[in-house]
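Residue numbers (full-length UniProt numbering), protein chains in the order written: chain A, 1 to 529; chain B, 1 to 293.
Calculated directly from the structure, the hints in this document are not laboratory data.
Hints may contain errors.
Said to hold, decoys possible - Covered, in the sense of this in silico footprint (three residues per stretch, anywhere, with C-beta under 8 angstroms from a C-beta of chain B), are these stretches of chain A:
{"#": "1", "region": "167-177"}
{"#": "2", "region": "185-193"}
{"#": "3", "region": "215-228"}
{"#": "4", "region": "248-259"}
In this text, a Cβ means the ideal position worked out from N, Cα and C, and glycines have one as well.
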Amino acid sequence: MSNAAEHLHHDEHHDHKPAGIMRWLNTTNHKDIGTLYLWFAFIMFLIGGAMAMVIRAELFQPGLQLVDPNFFNQMTTVHGLIMVFGAVMPAFTGLANWMVPLMIGAPDMALPRMNNWSFWILPFAFLILLSSLFLEGGGPNFGWTFYAPLSTTYSNDSTALFVFSVHIMGASSIMGAINVIVTIFNMRAPGMTWMKMPLFVWTWLITAFLLIAVMPVLAGAVTMVLTDKFFGTSFFDAAGGGDPVLFQHIFWFFGHPEVYIMILPAFGIISQIVPTFSRKPLFGYASMVYATASIALLSFIVWAHHMFTTGMPVAAELFFMFATMLISVPTGVKVFNWVATMWRGAISFEIPMLFALAFIVLFTIGGFSGLMLAITPVDFQYHDTYFVVAHFHYVLVTGAIFSIMAAVYYWLPKWCGKMYDETLAKWHFWCSLISVNLLFFPMHFVGLAGMPRRIPDYALQFADFNKWISIGGFAFGLSQLIFLALLIKASRKQGEPATDQVWEGAQGLEWEIPSPAPYHTFETPPMVK
Amino acid sequence: MSEQSYEKYYVPASSPWPFVGAVALFLIAVGAGNFVVEATKGKDGYGGWILLTGILVLLIMLIGWFRDQIEESMTGMHSAQLGRSYRQGMSWFIFSEVMFFGAFFGALFYARMIAVPWLGGAGNNAMTNEVLWPGFEAIWPLVQTPGGTTTEAMGWYGLPLINTVILMISSVTAHFAHVGLEEGKRKQLTLMLGVTILLGVCFLILQVEEYVHAYREMGLMLTSGIYGNTFFMLTGFHGLHVTLGTLLLIIMFFRVIKGHFSKDNQFAFQAASWYWHFVDVVWVMLFIFVYIL
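Chain A with its partners taken away, still in its complex shape (with noise of 0.2 angstroms):
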């Protein structure tokens, strides 16, 4: 009893933070735990970026020059998993942890404590993911898509280590999605009532119900892998009266959902972002609400347009062709109404917009050439070519790590009291904005004419693209280090002090508290009108 009376006594010091290594251990707070996963998922970045670097040196040229293709197989397989579950995904929960207590006036996550365990696990995880490339035999060298019977009969030992790797951080990211979705429908203050909701939050109460949803099944699709390879079951296996593609449908019915996952919290970031310097409220809230909806729910019945060439009825490629092109509705509602919302404004062009709008723009390309995929007649081309790596690093890279770049640029200023360093930040947005470009734009032609992806060779006429694309993938890769030094020196306190609204045209809770944020915020819920 005393023990916790004096806990509680201990909480009411209102910008006590517990020093050296044990705060960020064992700290139950959600800034602490948002600054943890934005410098993990950096970190992870940088892993991830250090891999496609070795991608892009052996693609320089044609012809086997650098790594072994085993080796380069583990680096397009590692690269995937870390980008997408080391990344993007820590990165946007970060963002959540940070910002959606502050934006909804909350004291800090619902569930404070298994908001450290499941930041906690990611390291750990990812620790074991790394390590397994020092094996004997090497790491996973299936895709990050492990499709059968890569991951079962022709995988080596190391994929018991993957699959239980890529276990636990599914359970993180489970307990992570019920934090944040305990935390909206919960701990909003009086007054804030769901149609007043800042856009970040409704995009990340979607996506956590999506990783509720599907993390779960892309558990049972590893324990399967893991059971097919190691203890004799044949769920992807024909002679046992399985088969493969049933591996395909349960890994896509994650994996879309999944894809979703890491754009959704993007919507809302650019939401939050092209008012903000437009000067003006949000074109379409509603709208926005309900396209955010459709496209989460939508999600669930296109998984199959990843498998066209894998011979399904042709019934169920019309359908899933069709299903498919139905998400360019929503989406389009969106695009139409940040443009709408900037249509008039005062637009002034800082980094966060800067980011903002060529998100908007890049992305919108990467929306563009998944309609082509969509088409399953021509996908029959298309399919495992340089097209698709184009069409989802321009949805991934200039749509979802641009938008965290935005994000970052934007909240930063709240969260260190200082005004980011401006010419380091406009020269890496110039560099990566221009180094991107070079880097995937040209990976559309020599898709459409051909050229396989995952293969760490290729026909002689590639080549010339491939040394710019490669020459834009160092530029780019270069670049990240100019945000790393911005990272640093912000970190340090450098830089103006930045006032307590930040943005001239900023609009809402997080604005009114003081920058930066003190340790405890709306420890009384602040009245929303």
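Fit chain B to the known structure of chain A by using the hints.
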């Protein structure tokens, strides 16, 4: 959000247990990842010991975390709003479990409706059957696989039927235990909860007996093709969940005896009983789709 006055939301002070839990999961994942290889490929190694250590650390973490949690709850630090957070959290957790079973039910339906018929030549797959698996006949339960493994099908009468009745009754007794708690009838609460636990244990014992019977006398094994795969994976994961549910109920039993719960403070009890109802519903699905149909 209609409250006029606000109870302070309880944000717990820093706690070592989440980090300990992460270490535990790390040891479990590393241990299991090595143990699986060592056990199935006959290699030497420490995987099993690492796994065991991980499970031990996890148990220590659970005990420590729950102890803190119970202490805080008993000293009245939890507000009604926090209670709602716990209940919603538990509901979403159960939803995630439903989706986990969904993956395996999906595999079962796909195998029955699509994979096996196609191997037997259905649709436009006549040549698949002719050339790749000549003589294979698509039937369910799949007692002979395309590769030639044979087995026997598990009937629904006998043990499975008894087990179904046991679990259905246990759901009812769990409900009446909760009614006892709501109405302050301690005797009904302890009695009904005790009966629920006993029924759970009976179910598990009979399930083990069924597995022994399947392996020894029927030749129905995990390796018996897609029928055996789906049978053992679905009933096996369900059995693990019943085990966990029974453990939760046993913990609740001791807390009931200590007088921990009241009409207004009963989240843990509710969570355990929701979990129990959930495993019962999963069993009914299993009974219909795995055993009967």
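Going down the list of hints, with the structure as the test:
A count of 5 residues in the region 167-177 of chain A with a Cβ less than 8 angstroms from any Cβ of chain B is obtained; the coverage claim is therefore met, three being the minimum. Chain B is given as covering the region 185-193 of chain A, and this holds because 8 residues of the stretch bring a CB closer than 8 angstroms to a CB of that chain, at least three being needed. With 10 residues carrying a beta carbon less than 8 angstroms from a beta carbon of chain B, the region 215-228 of chain A meets the three-residue requirement, and the given coverage holds. Check on the region 248-259 of chain A: 3 of its residues sit with their Cβ under 8 angstroms from a Cβ of chain B, so the three-residue criterion for coverage holds.
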